[in-house]
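> Sequence lines, in order, name chains A and B.
Just so we're aligned: the first sequence equals residues 15 to 126 in our numbering.
Just so we're aligned: the second sequence equals residues 34 to 149 in our numbering.
There may be inaccurate statements among the hints.
Said to hold, decoys possible - The list that follows gives simulated cross-link-like pairs (lysine-lysine, DSS-like), each with its CA atoms no further than 30 angstroms apart:
#1 A:K82 <-> A:K118
#2 B:K47 <-> A:K74
#3 A:K118 <-> A:K63
#4 B:K47 <-> A:K118
#5 A:K118 <-> A:K74
#6 A:K66 <-> A:K118
#7 A:K63 <-> B:K47
#8 A:K63 <-> A:K74
#9 A:K118 <-> A:K91
#10 A:K70 <-> A:K91
#11 A:K91 <-> A:K63
#12 B:K47 <-> A:K66
If you are wondering where the hints come from, they were derived from the structure by calculation, not from laboratory data.
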Amino acid sequence: GNSVTQMEGPVTLSEEAFLTINCTYTATGYPSLFWYVQYPGEGLQLLLKATKADDKGSNKGFEATYRKETTSFHLEKGSVQVSDSAVYFCALSDQAGTALIFGKGTTLSVSS
Amino acid sequence: NAGVTQTPKFQVLKTGQSMTLQCAQDMNHEYMSWYRQDPGMGLRLIHYSVGAGITDQGEVPNGYNVSRSTTEDFPLRLLSAAPSQTSVYFCASSSLGAGGPKDEQFFGPGTRLTVL
Numbered sequence: 015g016n017s018v019t020q021m022e023g024p025v026t027l028s029e030e031a032f033l034t035i036n037c038t039y040t041a042t043g044y045p046s047l048f049w050y051v052q053y054p055g056e057g058l059q060l061l062l063k064a065t066k067a068d069d070k071g072s073n074k075g076f077e078a079t080y081r082k083e084t085t086s087f088h089l090e091k092g093s094v095q096v097s098d099s100a101v102y103f104c105a106l107s108d109q110a111g112t113a114l115i116f117g118k119g120t121t122l123s124v125s126s
Numbered sequence: 034n035a036g037v038t039q040t041p042k043f044q045v046l047k048t049g050q051s052m053t054l055q056c057a058q059d060m061n062h063e064y065m066s067w068y069r070q071d072p073g074m075g076l077r078l079i080h081y082s083v084g085a086g087i088t089d090q091g092e093v094p095n096g097y098n099v100s101r102s103t104t105e106d107f108p109l110r111l112l113s114a115a116p117s118q119t120s121v122y123f124c125a126s127s128s129l130g131a132g133g134p135k136d137e138q139f140f141g142p143g144t145r146l147t148v149l
């Protein structure tokens, strides 16, 4: 079945450090891929998405590239800020399009 | 635009009690869904609906009922609460595309439920 695996957290970085959060997936067909972010005490918000192979999603300095050959969608940011501290979820839409399938989430903590 | 709203924000129940978690959206979205979030488990789909009068089960539907009488509202009912249902519950909505919900789902702020 479809599944998403993302790196275990927590990830602890200093401000301005480079961020990578790994995400790999298993799916039939060509799912759309997403990164959602959850700030403390809030619901999830879409951060970025990619709908086909080699697409790059980007938003707020974050980016991720849909790599079909490695079934990956790693999240990167060149210089993190304290305000980026949150839980990040990688997700894919299933073939039927009825649901999002989420990874377990990765907690990012950025200190100044 | 309030987006997706959920009530209550917090709830404590005793085992065996019933309750309804409310979810409403004002974006005229056809698709609505309920997820539960547990530590180390990510979000798991409970039930979803593609329009008024149409509901279907997700990954973890046992112990929960839903109905969709209007486009705006999608309540989640716990018939007889169990400690295993202690979780944070999120409602989400999106518009529908040709193959299903469009890419971006909008999430409510969540309901934190504790069952003693």
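> Indicate, hint by hint, whether the structure satisfies it.
To see whether the hints hold, each was checked on the structure:
At most 30 angstroms may separate the alpha-carbon atoms for a hinted pair to count; K82 (chain A) and K118 (chain A) meet this at roughly 21 angstroms. Distance check on the hinted pair: K47 (chain B) and K74 (chain A) sit about 43 angstroms apart at the alpha-carbon level, beyond 30 angstroms; violated. Taken as a hint, the K118 (chain A) and K63 (chain A) pair is honoured in the structure, with Cα atoms around 18 angstroms apart against an allowance of 30 angstroms. Distance check on the hinted pair: K47 (chain B) and K118 (chain A) sit about 28 angstroms apart at the alpha-carbon level, within 30 angstroms; holds.
Between K118 (chain A) and K74 (chain A) the alpha-carbon distance is near 22 angstroms, which keeps this suggested pair within the 30 angstroms criterion. Distance hint between K66 (chain A) and K118 (chain A) is fulfilled; the C-alpha atoms sit about 23 angstroms from each other, no more than 30 angstroms. Of the supplied pair hints, the one linking K63 (chain A) and K47 (chain B) is violated, its CA atoms being roughly 41 angstroms apart against a limit of 30 angstroms. Simply put, K63 (chain A) and K74 (chain A) have alpha-carbon atoms about 13 angstroms apart, close enough for the 30 angstroms limit, and the pair holds.
Among the hinted pairs, K118 (chain A) with K91 (chain A) is consistent with the structure: their alpha-carbon atoms are about 20 angstroms apart, no more than 30 angstroms. As the CA atoms of K70 (chain A) and K91 (chain A) are separated by approximately 13 angstroms, the hinted pair is consistent with the 30 angstroms bound. Simply put, K91 (chain A) and K63 (chain A) have alpha-carbon atoms about 15 angstroms apart, close enough for the 30 angstroms limit, and the pair holds. Taking the CA atoms of K47 (chain B) and K66 (chain A), the gap is near 47 angstroms; set against the 30 angstroms cutoff, the hint is violated.
Consistency with the previously given hints fails for numbers 2, 7, 12, ordered from lowest to highest.
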